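Taken in order, these protein sequences are the chains called A and B.
Add 5 to the 1-based position in the first sequence for my numbering, that's all there is to it.
Add 394 to the 1-based position in the second sequence for my numbering, that's all there is to it.
Since the hints were made in silico from the structure, they are not lab data.
Every value quoted in this text rests on a predicted model; they were computed, and no experiment measured them.
Hints should not be assumed to be uniformly reliable.
Restricting the straight-line Cα-Cα distance to at most 27 Å, the calculated cross-link-like pairs of lysine-lysine (DSSO-like) are [said to hold, decoys possible]: (1) 23/A <-> 621/B; (2) 698/B <-> 786/B; (3) 698/B <-> 618/B; (4) 618/B <-> 635/B; (5) 684/B <-> 698/B; (6) 618/B <-> 23/A; (7) 23/A <-> 552/B; (8) 432/B <-> 397/B; (9) 621/B <-> 635/B.
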Amino acid sequence: MNTLFGEKKAKSEKIVFKSVDEYPEAPITLGTTLSNFTGDWRTFMPVIDESKCIKCYICWKFCPEPAIYIKEDGYTAVDYDYCKGCGICANECPTKAITMVREEK
Amino acid sequence: MPKKVVSGNYAAAYAAKHARVEVVAAYPITPQTSIIEKIAEFIANGEVENLQYVPVESEHSAMAACIGASATGARAFTATSAQGLALMHEMLHWAAGARLPIVMVDVNRAMAPPWSVWDDQTDSLSQRDTGWLQFYAENNQEVYDGVLMAFKIAEHEKVNLPVMVVESAFILSHTYDVVDMPEQEEIDEFLPPRKPLYTLTDFENPFSVGALGTPADYYEFRYKIAKAMEEAKKVIKEVGKEYGERFGRDYSQMIELYKTDDAEIVFMGMGSLMGTVKEAVDMLRSEGYKVGAAKVRWFRPFPKEELYELAKNVEGIAVLDRNFSFGQEGILFNESKGVLYNTDAKPIMKNYIVGLGGRDLTVNDVKTIAKNMREIIQKGKLDREIEWYHLKR
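Looking at chain A on its own, in the form it has when it is part of the complex:
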């Protein structure tokens, strides 16, 4: 994903250990959030309506993950691999451009 602040970091494969012998001695490099997709935790997903977006970037500033990125065209987008669905973006958006939608899995 290209953003105003350069290329978003490539995602790595989730590390899966099949047997106890495959584990490292110490609990290191279990993978950072590059491989642990915390988006699995979400119940409601934010959906951005670009027609209402005024590019104020309040959602981008408030996202605690951060799972909101600024695209090259200036609009924001949600990275659903990491969005936990907290809804702060939707709550803070001054034009109500973001709605939280119950996710069907």
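Start from chain A and add chain B according to the hints.
For chain B alone, coordinates are given in the frame of chain A:
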């Protein structure tokens, strides 16, 4: 071999210096203070190179600093006591969980209230489930030897776990005794520089330490520590044997047996009180009692196999606990009785709670205990399982 007349605390400080520790982070607490004072003095006098002292505002931070230092590959050391150790408790789990071979000297001191600065093992035994190895020293020499061996054992590739070397408050920490200290070159041969499992200073390959372990992974890491603890038993014996070959004092046994070969009654305990017990054993032997002493050197990992071997050939074991687990019994008694449950060895075992908060255990006390044990064995029946020996009745 140079000899020095030093306190237990100075013995610990010299051992840390001779082990060429690179980072010391500690907070002063009675009766541990003179350990870090001495180390500060080494630095001030320019006697040590490459040693960073980190002054911290609490024991919790002291352990945190040691964890950070150790994770970069440095050899880290700290010392504490009682309430200070309790304040470290949360961090002790991080050190063991991240597999960092930190060595700490704990000066056994009773937990408050009532406020006490005297000897009692409950502080260190309260940390038994943190994943730290625990070595209990009987005298100043063992404090010194214990720290040197602790680094070698902790840093062994099959162990990579932190080690606590435990000495008695005041009985050892502030009393002076002759301690043999090998030449620095000999120690360097015994204890080469550390080869860390990982180092945070590997900037080419960044990684995270102590990251989230979901239910899919946490369990296996616990097993790895459990396995390392089992492996540590072999490593302890190897290192103890090597220490004996190099420096003349053998530590290959996790339980030191004293005159137990034909003993009917064995006194079992940990730390400095076992010096008194050995003295009493000699006297009791001259009075015709068949007694012996079993000093548990390593409480973690617990020397199950050795205890089983010992229990096979004795009629009674008097477990002397300078600690107490409220609502149950003495901690060493609890553990050793548990070990023997699934075995054929079933000696009569009785728990004597002694010396809490620095109360003296004398040779005469041990004689009284021996008489009591003999009566029990003759009757073949316990009078009571737990006896608060010193209680004013």
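**Q.** Numbers of unmet hints, in rising order
**A.** 2
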